[in-house]
Amino acid sequence: MSASESAAKSKFVLRTNQIQALIDFLRERGYRTAGPTIRDCAVIYDEINNAEQIPLGVADEQEAGFYRVKKRKEAGYFSYVVGAHSWKKFLNPPRFTLWKAKMDNGEMSLVVDEPQAVPHYAFIGVRPCEIAAIAVQDRVYLDGPYVDNLYKERRSAIAIIAVNCAHPGGTCFCVSMDTGPEAKSGFDLALTEIQETNRHLFVATTGSDLGVEIAKALKLEPATPDDIADEAATIKRAAGKMGRKIDTSHINELLQRNEDHPRWNHVGDRCLNCANCTMVCPTCFCMTVEDTTDITGKTAERSRRWDSCFTIEFSHIHGGAVRTSASARYRHWMTHKLASWQDQFGVSGCVGCGRCITWCPVGIDITEEAAAIRASSRGE
Amino acid sequence: MKTTVAGPMVPTMARVNRVRKETHDTFTLELHPAYGQEIHHFAAGQFNMLYVFGFGEVAISISGDPTNPKPLIHTTRAVGNVTKAMAKLKTGDMIGVRGPFGSAWPVKHAEGDDVVLVAGGIGLAPLRPVIYEILANRRKYGKLILLYGTRTPSDILYRKELESWRSRLDMEVYVTVDRSSVNWQGNVGVVTTLIPKAGFDPQQTTAMICGPEIMMRYVALELQKRGVPMSSVFASMERNMKCGIGLCGHCQMGPTFICKDGPVYPYDKIRELLLKREI
Numbered sequence: 001m002s003a004s005e006s007a008a009k010s011k012f013v014l015r016t017n018q019i020q021a022l023i024d025f026l027r028e029r030g031y032r033t034a035g036p037t038i039r040d041c042a043v044i045y046d047e048i049n050n051a052e053q054i055p056l057g058v059a060d061e062q063e064a065g066f067y068r069v070k071k072r073k074e075a076g077y078f079s080y081v082v083g084a085h086s087w088k089k090f091l092n093p094p095r096f097t098l099w100k101a102k103m104d105n106g107e108m109s110l111v112v113d114e115p116q117a118v119p120h121y122a123f124i125g126v127r128p129c130e131i132a133a134i135a136v137q138d139r140v141y142l143d144g145p146y147v148d149n150l151y152k153e154r155r156s157a158i159a160i161i162a163v164n165c166a167h168p169g170g171t172c173f174c175v176s177m178d179t180g181p182e183a184k185s186g187f188d189l190a191l192t193e194i195q196e197t198n199r200h201l202f203v204a205t206t207g208s209d210l211g212v213e214i215a216k217a218l219k220l221e222p223a224t225p226d227d228i229a230d231e232a233a234t235i236k237r238a239a240g241k242m243g244r245k246i247d248t249s250h251i252n253e254l255l256q257r258n259e260d261h262p263r264w265n266h267v268g269d270r271c272l273n274c275a276n277c278t279m280v281c282p283t284c285f286c287m288t289v290e291d292t293t294d295i296t297g298k299t300a301e302r303s304r305r306w307d308s309c310f311t312i313e314f315s316h317i318h319g320g321a322v323r324t325s326a327s328a329r330y331r332h333w334m335t336h337k338l339a340s341w342q343d344q345f346g347v348s349g350c351v352g353c354g355r356c357i358t359w360c361p362v363g364i365d366i367t368e369e370a371a372a373i374r375a376s377s378r379g380e
Numbered sequence: 001m002k003t004t005v006a007g008p009m010v011p012t013m014a015r016v017n018r019v020r021k022e023t024h025d026t027f028t029l030e031l032h033p034a035y036g037q038e039i040h041h042f043a044a045g046q047f048n049m050l051y052v053f054g055f056g057e058v059a060i061s062i063s064g065d066p067t068n069p070k071p072l073i074h075t076t077r078a079v080g081n082v083t084k085a086m087a088k089l090k091t092g093d094m095i096g097v098r099g100p101f102g103s104a105w106p107v108k109h110a111e112g113d114d115v116v117l118v119a120g121g122i123g124l125a126p127l128r129p130v131i132y133e134i135l136a137n138r139r140k141y142g143k144l145i146l147l148y149g150t151r152t153p154s155d156i157l158y159r160k161e162l163e164s165w166r167s168r169l170d171m172e173v174y175v176t177v178d179r180s181s182v183n184w185q186g187n188v189g190v191v192t193t194l195i196p197k198a199g200f201d202p203q204q205t206t207a208m209i210c211g212p213e214i215m216m217r218y219v220a221l222e223l224q225k226r227g228v229p230m231s232s233v234f235a236s237m238e239r240n241m242k243c244g245i246g247l248c249g250h251c252q253m254g255p256t257f258i259c260k261d262g263p264v265y266p267y268d269k270i271r272e273l274l275l276k277r278e279i
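Here the protein sequences line up with chains A and B, keeping their order.
Start counting the first sequence at 1; every next residue gets the next number (the working numbering).
Start counting the second sequence at 1; every next residue gets the next number (the working numbering).
Among the hints, erroneous ones may be present.
[What the hints assert, rightly or not] Derived, one-sided and incomplete: chain A residues facing chain B with beta-carbon distance under 8 Å:
1. N50
2. E52
3. L56
4. E107
5. T288
6. A300
7. W306
8. C309
9. T311
10. T324
11. Q344
12. F345
I should point out that these hints are in silico values taken from the structure, not numbers from a laboratory.
Don't be surprised by glycine CBs; every beta carbon is placed ideally from N, CA and C.
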């Protein structure tokens with residue numbers, strides 16, 4: 001959030017031909033604009049500076065282990081849901097040099113580089129589940145005894161243009177996780193795309209001072225009662241079209257007391273330990289460090305990069321890995337995501353975006369696994 | 001107090017002042033801060049992340065005296081890439097230090113109690129600061145008992161120090177080995193066999209355990225049989241650590257992060273987790 005969220009939630013109309021003006025406004029304000037675009041037959045998030053880069057007329061099909069984008073005449077600007085990318089790649093770069101050191105005649109010292117400018121991003125097209133995911137990562141990186149400055153300086157500089165979901169995907173379950181399909185807070189401006197035969201517009205809700213400024217600068221007209229009714233109907237329809245659902249009642253206790261449930265072996269037999277689910281997950285935060293030296297051996301560099309609890313090295317200590325079996329690693333990930341995350345950060349680690357289901361090469365479905373454990377749970 | 005990550009992820013440079021070979025695979029480094037930097041005070045049980053140039057970083061418990069933290073003392077077993085490189089360091093070589101991190105042994109909380117320390121192998125290193133601190137405030141405590149088990153007599157750490165502690169009238173030291181050698185005249189057997197030998201008041205005891213997980217489980221069980229309430233038992237855990245500050249996720253054990261919730265835990269908190277496999 002660029003400014004206080006105290007700004008009243010006023011509703012305006014943003015015309016489809018004003019998307020460029022929105023991008024231009026944000027760029028003039030010093031933001032780098034990032035949003036959905038098409039690359040490699042998928043919707044991904046990248047820097048965009050032209051409204052035409054947003055995939056108009058594209059819809060997606062998602063199922064366990066299945067993702068396709070399709071051109072559809074009737075599709076609008078945001079008729080797809082989330083792809084493999086999430087905004088975490090901008091807030092916590094996948095790889096980042098922490099520091100360099102040099103060794104000179106036995107003297108080790110840090111090499112201080114010129115500090116790099118921190119990019120200020122305006123994210124365009126942030127889905128409600130993704131706003132929830134950013135809030136989850138905020139707790140991880142900002143609320144502990146140590147603050148992750150790398151994240152903090154990027155996070156504090158962003159603007160969020162949210163898009164409420166009108167066409168949930170086959171693996172979506174934000175309704176179960178109470179994170180969507182409508183963004184309730186955490187945005188500067190939230191858009192709902194209204195599409196009818198002769199009417200195509202966005203209802204824009206302001207969520208911050210920046211949002212109010214955008215409405216003023218773009219001279220947005222106030223939304224009519226009809227527009228507002230259409231927005232509510234669009235969101236209500238979306239809530240009824242979730243591809244998946246999950247029962248979260250007492251799920252923390254359920255999973256932590258079922259650590260020896262046979263289902264873990266069942267899923268362990270299918271899991272390839274490829275780490276896709278952790279890479280696409282918008283809340284997974286684990287990282288590792290890597291040390292390299294240059295060819296002279298006199299300069300060493302330490303980087304951090306995204307890591308996954310599905311690798312065998314992740315839990316390696318002398319004597320070997322703690323979690324050697326695939327079932328233990330899957331159990332660790334899912335129990336953390338849905339259960340122990342609540343102990344650690346006071347919130348579920350899952351926002352119901354469905355990425356882990358879609359991008360699992362063997363179609364393992366977290367909602368199905370949780371349901372299977374619940375169906376034959378160990379006694380209370 | 002909050003600290004930003006640029007700070008705690010960047011090491012302080014230190015110089016090796018002295019290297020002591022302890023056993024065939026363990027060594028102790030005495031470190032002095034270089035370039036006029038400060039070494040922070042630590043509490044018994046805390047650890048540092050030690051960086052060997054180009055090789056990487058490992059979490060190593062601090063085994064020096066908390067009441068006299070300079071020099072900084074670490075005893076390490078050469079088992080991995082980094083610790084094997086660390087074993088080759090010589091006087092004057094440099095090393096990076098981040099820390100201290102993690103929770104501490106309940107040394108203050110134990111005042112007035114008998115203190116039973118149970119160590120397995122290199123697990124004696126993180127407990128040595130407790131011994132120093134108690135000996136420096138000896139009158140505040142009841143009995144001080146160290147029960148120590150190693151694999152063989154040649155694996156006994158801090159041998160001279162153990163002998164001097166044992167010669168004191170205000171400390172009891174019992175040592176056992178898993179496998180004896182020709183010259184060994186002492187106890188043979190797992191460390192739990194030492195518990196019945198020690199005289200302490202179970203109701204007025206604080207016990208601190210450090211060693212392999214399986215050993216800690218059986219020690220806790222044995223202490224429980226003696227009547228020590230589990231709320232008076234503390235254990236130090238170990239997991240892979242990359243950051244030491246709760247951000248990298250590696251050291252999770254169930255719902256806890258060993259780097260920030262541990263490494264020292266009230267035994268009650270981890271008892272059930274220790275029974276779970278591959279957690």
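Hints, verified against the model:
1. Look at N50 of chain A: its Cβ only gets to about 35 Å from chain B, farther than 8 Å, so that hint breaks.
2. The restraint placing E52 of chain A at the interface with chain B is violated, with a minimum CB-CB distance near 39 Å, outside the 8 Å limit.
3. Given the 8 Å rule on beta carbons, the hint for L56 of chain A is violated: about 39 Å separates it from the nearest Cβ of chain B.
4. Hint status for E107 of chain A relative to chain B: holds, with the closest Cβ pair at about 7 Å, below 8 Å.
5. Because the closest C-beta pair between T288 of chain A and chain B is about 5 Å apart, less than 8 Å, the hint holds.
6. Nearest Cβ of chain B to the Cβ of A300 of chain A: about 4 Å, under the 8 Å cut. The hint holds.
7. About 10 Å separates the beta-carbon of W306 of chain A from the nearest beta-carbon of chain B, more than 8 Å, and the hint is not met.
8. For C309 of chain A, the interface hint holds, the least distance from its beta-carbon to any beta-carbon of chain B being 7 Å, beneath 8 Å.
9. A least Cβ separation of about 11 Å between T311 of chain A and chain B goes past the 8 Å threshold, and the interface hint is therefore violated.
10. Hint on T324 of chain A holds. Least Cβ distance to chain B is approximately 7 Å, under the 8 Å limit.
11. For Q344 of chain A, the interface hint holds, the least distance from its beta-carbon to any beta-carbon of chain B being 6 Å, beneath 8 Å.
12. Taken as an interface hint, F345 of chain A does not check out: its beta carbon lies about 10 Å from the nearest beta carbon of chain B, beyond 8 Å.
Checked against the numbered hints given earlier, the structure breaks hints 1, 2, 3, 7, 9, 12 and satisfies all the rest.
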